[in-house]
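A.B. asks: Position chains B, C, D and E with the ligands against the provided structure of chain A, taking the given hints into account.
Residue numbers (the working numbering), protein chains in the order written: chain A, 1 to 324; chain B, 1 to 300; chain C, 1 to 323; chain D, 1 to 344; chain E, 1 to 501.
Examples of chain B residues lying across from chain E (beta carbon under 7 Å, computed): (1) Ala56; (2) Leu58; (3) Ile60; (4) Ser63; (5) Gly83; (6) Ala153; (7) Gln157; (8) Gly239; (9) Ile244; (10) Gln258; (11) Leu259; (12) Ser262.
Take a look, some chain C residues computed to stay more than 10 Å from chain D by CB distance: (13) Asp26; (14) Ala30; (15) Gln33; (16) Gln68; (17) Gln118; (18) Asp121; (19) Ser124; (20) Arg125; (21) Asp289; (22) Thr295; (23) Phe319.
Hint data in this document are derived by calculation from the structure and do not stem from the laboratory. Since we're looking at a predicted model, the values are computed, not measured. Every residue, glycine too, gets a C-beta built ideally from N, C-alpha and C.
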Amino acid sequence: MTVFVIRRFLQSIAVLLVTAIIVFIGIYAIGDPIEMLISPDASPAERAQVITSLGLDKPLWQQFLTFAWNALHGDLGRSFVFNRPSISLIFERLPATLELTLTGLVFALVLGIPLGLLSGLKPNSATDEAIMTGSIFGFSLPSFWQGMMLIMIFSVWLGWLPSTGRGQMGEFLGIRSSLFTLDGLAHLILPAINLSLFKLSLVIRLTRTGVRETLPLDFVKFARAKGLSEKRIVFVHVFKSILIPLITVVGLELGSMLAFAVVTETIFAWPGIGKLLIDSIMRLDRPVVVAYLLVIVSLFIFINFVVDILYSLVDPRVRLGDAQ
Amino acid sequence: MNARVSSFRDDTLFGRLVMGIAESPKTVIAAIVCIILLFAAIVGPYLTPQDPYDLAVLDILDSKLPPGSESMDGLIYWLGTDGQGRDMFSAMIYGLRTSLGVGVFSGVVALVVGTVLGLIAAYFGGRIDALIMRIVDLMLGFPTILVALMLLALLGQGLWKVIFALILVQWATFARAVRSAALVEKNKDYVEAAVTLGISTPRILIGHILPNCLPPLIVIGTLQVAHAISAEATLSFLGIGLPITEPSLGLLIANGYQLLMSGEYWISVYPGLLLLVLVFSINMVGDRLREVLNPRLGER
Amino acid sequence: MTPILEVKNLSTHFMTRRGVLKAVDDVSFAVGQREIVGLVGESGSGKSITGFSVLGLVDPPGRVVSGQILFKGEDLLKLSPAAMRTIRGKRIAMIFQDPMMTLNPVLSVATQMIETVQAHDRVSRAEARARSRDALGLVGIPSPEERLDAYPHQFSGGMRQRVAIAIALLHRPDLIIADEPTTALDVTIQSQILFEIKRLAAEFAMALIWISHDLGVVAALADRVMVMYAGKIVEAGQVDGVLTEPRHPYTSGLLSAVPAAVPRGEPLRPIPGFAPSPLSRPSGCAFRDRCGRATEICATEPMLEVAAGREFRCFHPHFRSAA
Amino acid sequence: MTPLVEAIDVSRRFSRKLDYAEKIANLFGAGLEEKTVHAVDEVDLAVHPGEVVGLVGESGCGKSTLGRVMAGIMPASGGEVRWNGKPLTSLEGEEKRSMRLSAQMIFQDPMSTLNPRKRVIDLIGEAPRVHGIVKGREVRDYVASLAERVGLDASYLDRYPHQFSGGQRQRIGIARALAVKPKLLVCDESVAALDVSIQAQILNLFMDLKREFGLTYLFISHDLGVVKHICDRVVVMYLGRVVESATPDELFDDPKHPYTQALIRELPTVADRHRIFTPIKGEIPSPLHPPPGCHFHPRCPKAFDRCRVERPVLKQNAVGHVSACHLNDPTASETKNVTAEPAN
Amino acid sequence: ADLVLGSATEPSAIDPQFSRTGNNQNIAMQIFDRLVQTDAAINVEPALAVSWTNVDPLTWHVKLREGVKFHDGNPLTAEDVIFSLTRAKDIPNSPAPFSGNVASIDSMKALDNQTIEFKTKKPTPDFMEQIGFVYIVEKKVAEGASIEDFNSGKAAIGTGAYRFKSWTPGDNLVLTRNDDFWGKKQDFDNVTIKFISNDASRVAALRSGAVDLIDAVPPGDVKTIEGISGLKVFSIASARMIYLALDSARDKSPFITDKDGKPLDKNPLKDVKVRTALSELINRQLIIDRILDGSAEPAGQLVPTGVAGNDPSIAAPAFNADNAKKLLAEAGYKDGFGITIHTSNDRFPGDAEVAQALGQMFARGGLKVNGVVAQPYNVYTKGASAGEFSAFIFSLGNSTPTSATGLRNLLMTANKEAGTGSFNRVKYSNPAFDEMMRTATAEFDAKKRVELLQKATKAVFADVPVIPLYWQKVHWAGKANLSYIANMTEDTSATLAGLAE
Ligand SMILES: Nc1ncnc2c1ncn2[C@@H]1O[C@H](COP(=O)(O)OP(=O)(O)OP(=O)(O)O)[C@@H](O)[C@H]1O
Ligand SMILES: Nc1ncnc2c1ncn2[C@@H]1O[C@H](COP(=O)(O)OP(=O)(O)OP(=O)(O)O)[C@@H](O)[C@H]1O
Ligand SMILES: [Mg+2]
Ligand SMILES: [Mg+2]
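Excised from the complex, chain A in its bound form:
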């Protein structure tokens, strides 16, 4: 166990190091942060002052070493734009994104799995056709377009739901979240749908495929021969067998939803990290981009770690250390 954790940990450090290096070089290649930060009528003297104060006058490798040294001491640098520790900027906005992402994910799973099962159990029926056709809409149009349509339909024309911002927050068990107020929920619905439409389709399709592939297997037949109810066969025998691809995808998608909530957050003016990220990239606010990536990559590492554990829980054949 310890060996394993240490190994993963060292690997992760390497990954994070590489991430930081790529970002440093990448941002350097993209452009000059000064150009983005400075006011349009700044004098050369002001410019020089800013460059020195942000440490951008030093060679890149030196900037990197300074960063790495500070990072080792738990300091991921201060945002050029906000002059605040980039990590606190990220953690300040992470809850909003988590809330959105998790809601979207739950939405995708809670709706996607039953629909997928339904359509997999009754292949080629009208229900199946309807579900499968419907699910295509979920991913055939770019999500910015879908988001705009949601706003147009539900906010502008029907006036049912608010279209921007995060809404009121409530507190429950010490967690502040907009999930706990009606107003907050109302604000959450549209962006969560927007974010989850693609995943929803994916979950539906994966579930359906899994069901279709699993149903003809002998153990399902044996389960029937044991007189199990169809419900148990579907929800235990079939479902557990299709969990592996589902878990993989959910793990992947949870991460990617987090990482790519950018579009949704921009359109719905959701105060999350996606928005912060795109702004930071566009303004070349390197410390924030680096810190963000370190956080997200760590998150991916963690999610994949959990997914690996789940694999071995779900399918006992995986990761069976058989040799001594």
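C.D. replies: Below, chains B, C, D and E with the ligands alone, put in the same frame as chain A:
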């Protein structure tokens, strides 16, 4: 004996696929649509009344004309024009070409790369697995936008760079998906049997394990093509995609979507519909392929 | 004695792309209460499919196309799915042929056993578990309590088979269809299982259809034996009769193919030729191409002859004199 | 003569390593422990060219595992396997490849060893094609002829495994192994699922191949009748160890080990109808916790104190007949009557 | 009444001196005040300073407004002003500091509570325009306060029309009315500023009633919004000039080719005739009508009418293809040459579209347009500053009362020491113009200064240093019961909004 053998010659994999598609009318339609669209994309330049990429033939005087309008030089814009005075029909055919190219090509390359790496990771395990999977973690963490922007800055603008960026961000998804499926498959006895028969590792990976990992892969793959097309659109929407003078379907949609509300619907809606039809038919065919490829389901 | 299971003119066909495959073709038989019936025959002759047909578990594209399956007088083919479910596992249990594929690899043995108990009886989990453990013990799984929580792939082939048998025994059903249940077991375990099965069958008044290739086991266990060939039952009768004085040439061919029939090391005597492909069976007696006694008349379908507790389909049966 | 394949003191352990989840659980005091199964426990076994060695034994006693190890599919965890006198671990490159092909295994569980997405023609034909045994165009004929030899109709070649009956699948497995022209065949319950006629046909085929090409067999089976018929030597295993080895005549006429005796007693034959089974009593030991001393002692009617503590070693009883039982140990024979438990 | 304002930009900090960029100032101007402020046409108005006198070329006396109170009730004193102006140059890590604004101060002294005496390092005629725009904070509060103290509101104590209530970065900022405000009483009790960066979403938010007023209305939506009853648009042509910069200083230019796309070893853009020709090939009005939906005024110089320095005699160059072709022929490019136009695509509305339209027009004029390359601003500026482009589109927003700053930064010869030409990306150099600018900026007499600036403008634009395209119109839109003062400086602030009569 030989006569009997040859009577089953049509029963090749390809034959199966064709038969399988032919048996489902809606898939036939979808396949035909796919082929038509593919054809249109390939011979596009010969079909369109205008070369929408040639600035010299565009005229802003013709911009934002509604469908059916007549241009200054007598041409009818059946689907209207965009903000630059491009004939929407021509722009869509050209855009289809780009979108299909970007979506399918990046999807396929990412699929191949991801699949190979995922299989290798699952099969060999240990350090190789760790290395590949950590790279996957890293790639998954990198936002498409940042990757695209870096490539744009490093390599400049262009179709191939966008494709490259999309490959870079997509392969990891495939790798992870394949690995998870292959982890289960590699422990199955048929793999052992193949090893016993002295079949080389690449062959086992590709010829034995992979086919059994295909179902989720095809689902993700067909979806990913759609995803790549919209990702390209999103990149273009964010201004880091294709050259603006050579709009893809996604870019057309992105350019037009702000105008939806002001009544100039055609700039966004028609390319949107085309994209929908395209993705729809690709997925129909993909779904059917998956069923046909499964011997237990195909036999019907 | 009223039979507990009566199958009448059962035909199960697979509608494949290359034509109709008649896996079970007009099969009729009856199993009495407490009766142990052995079902032997050519591999691929439709034994397993017959079993699946009884339980209504034929996979598409297969379908029971005609016939009746009367279980205690009730036609199973007419039952609603819900009613059928109360019969499966509870009143009729089946042990599948391929032990690895029948157990769900991702569920522990305990789960798979407990769910079977709870599917039919309202009992607590703990009680279901206790029953499962006892059943495992019954089929000779060592330290059953511990093994209960293992997963199928951690068992050897024979152990998996025993688990499947244990699952079938959980409800003490009226009828067990056992599809080659002891093929993977060594004789000591086999003896133990046969012993238990026989005891349980007597004790709980179970009837048994025992599908097997091992004529020795069938001889030892069964009261009656049925011989299948190419989708049809070609001979049936008391064990003593069929295995000592076979009427049908296929049966006699089988008997002379066992290793014990020739001296050690000598070539064995298989029945010459191949079974016809089930897709293109010739009309008439399917065995005629391989039969030394075949004549012109064998090109027509032989009728079922019933005489002195023996049934067979042959124009040229062996009789004591002829054997 | 050097044996074709030889196991020297071979062991194979399966340790079920704890996975992360369990390890994490352990941090919270779940107390899960690593379990080790000694599937094969210090076995010596030599198979000479052209010989047919039968391997019988209880289910789960490690026959398949030993077969796998000897066929070079599974590495041994202890001891050494020699192929033509050379340790398997020392083989490299071409030598290794040719050894690999020369030792083929017919697996016990036919369905799971057949790739569900491959057709029979590919299942059987792939290996000979990639190894250049036949050329692309001839594959179908080659496969068809193999199929015929194992009694499969050539019209089945384009089907998928799930479309076959159990016995048919087993025959596909046999044809597949034969397709690469091996020298050693490890037949793991290869004929158990076959009806006796096909079984006879396959056994004849095996014997023909032995005669024609000097094929060597390690024949794992529960069916003592078959074993008796075709084997030159029979090895009896119990819980990972070899307990007896002799020629079939010796073994069947004069079994020395109580387990062998039980096996032979329980062998059902067609002649024996409606018999009363008398299973061996006693707890069947678990390979996870093998009993100390002689593994068989908990079920042995003749067990005595020494059996519970001391592992019996293989001793020669007659020429070519060895067994591992304290009863056959002359030094112990005096005490045996004294301490033997009353047979139950 | 309350106001909910949807804003495209958001501040990076509440500290008013942290960054001089517009997004921060928009917020700062509601909470804090400056010594002077500008009206809609960028004319200087007294704010915290009521009067200022130029005692001698190096000495200024500034009189503060009486009775001004900070939000915490303390009165504004000269000390606070001196503190603020000192603080302005050493805000740590400020990305856009005010240090330039206070660079000319040599010393400061409070003559009394309400009067300050400034000494400058050298004669500085526009002294008030420099220091006047620095926000005044309260010494007692701001001394030693960190950026977090401002963000949390602890130090966000100003004299402005609104009090700071809360800020949720990325989401909203809440203000309440300051009833003790020295100026005009505000109409709104509470103001919520929602940050909605996406244009379409912002418009949708207005249309769905989620916000009352929005800024940066996309030109394409103006007509639609005007057509919706209950909504109203407020527009003005801003002082932001959009121009096409030409690589006119170098002998070879990277994206200039011959007709066949092969690099040209001459740079036609060096020739003023060519530059004039290019300018005349552009149909500015057509671009404005078709691409920008009318949201611009054609430009022929840096600042529009109304801003000091504008020379009414310079009209926007008229579209004249024939003359342009003639000029090209005279310059020796009868058959044209190849050119690539670079542009940003996220900097101002329609930037990429305009570039394409320019491409079309050049192509029609006989040039070979090799491409129109649009890049995000961050990538684009780097290339533009590094001289990687030949013809590229940029904008310059003028937020000072005269054109002096703009002219100095954009067109004077680049010189670090002198602080001139900091945005002169094409390294244009015109010594005569430089000299005229130097005289103009040294002139204390305001009227004369403007005249000198006009003269310099006239002289330099005759040389076509850049091709001015248009001044962008900016729009705000709101509910019909609101009023908003559309302003050239593009400020979005609740102080500019009110209830319509
Ligand atoms: N899913 C299927 N599709 C097509 N044919 C099938 C299918 N399942 C079984 N068959 C065919 O049906 C016939 C009867 O099969 P069945 O499994 O009943 O044989 P069996 O008598 O049990 O043989 P064995 O003793 O070898 O198990 C075989 O010819 C087999 O090929
Ligand atoms: N992959 C594995 N992981 C853990 N234990 C295993 C594994 N494979 C086999 N075993 C264990 O090793 C022992 C020997 O198994 P093996 O398959 O060799 O038995 P066998 O003699 O072939 O039995 P059978 O006659 O039932 O096939 C069994 O106890 C089994 O549980
Ligand atoms: Mg069967
Ligand atoms: Mg085995």
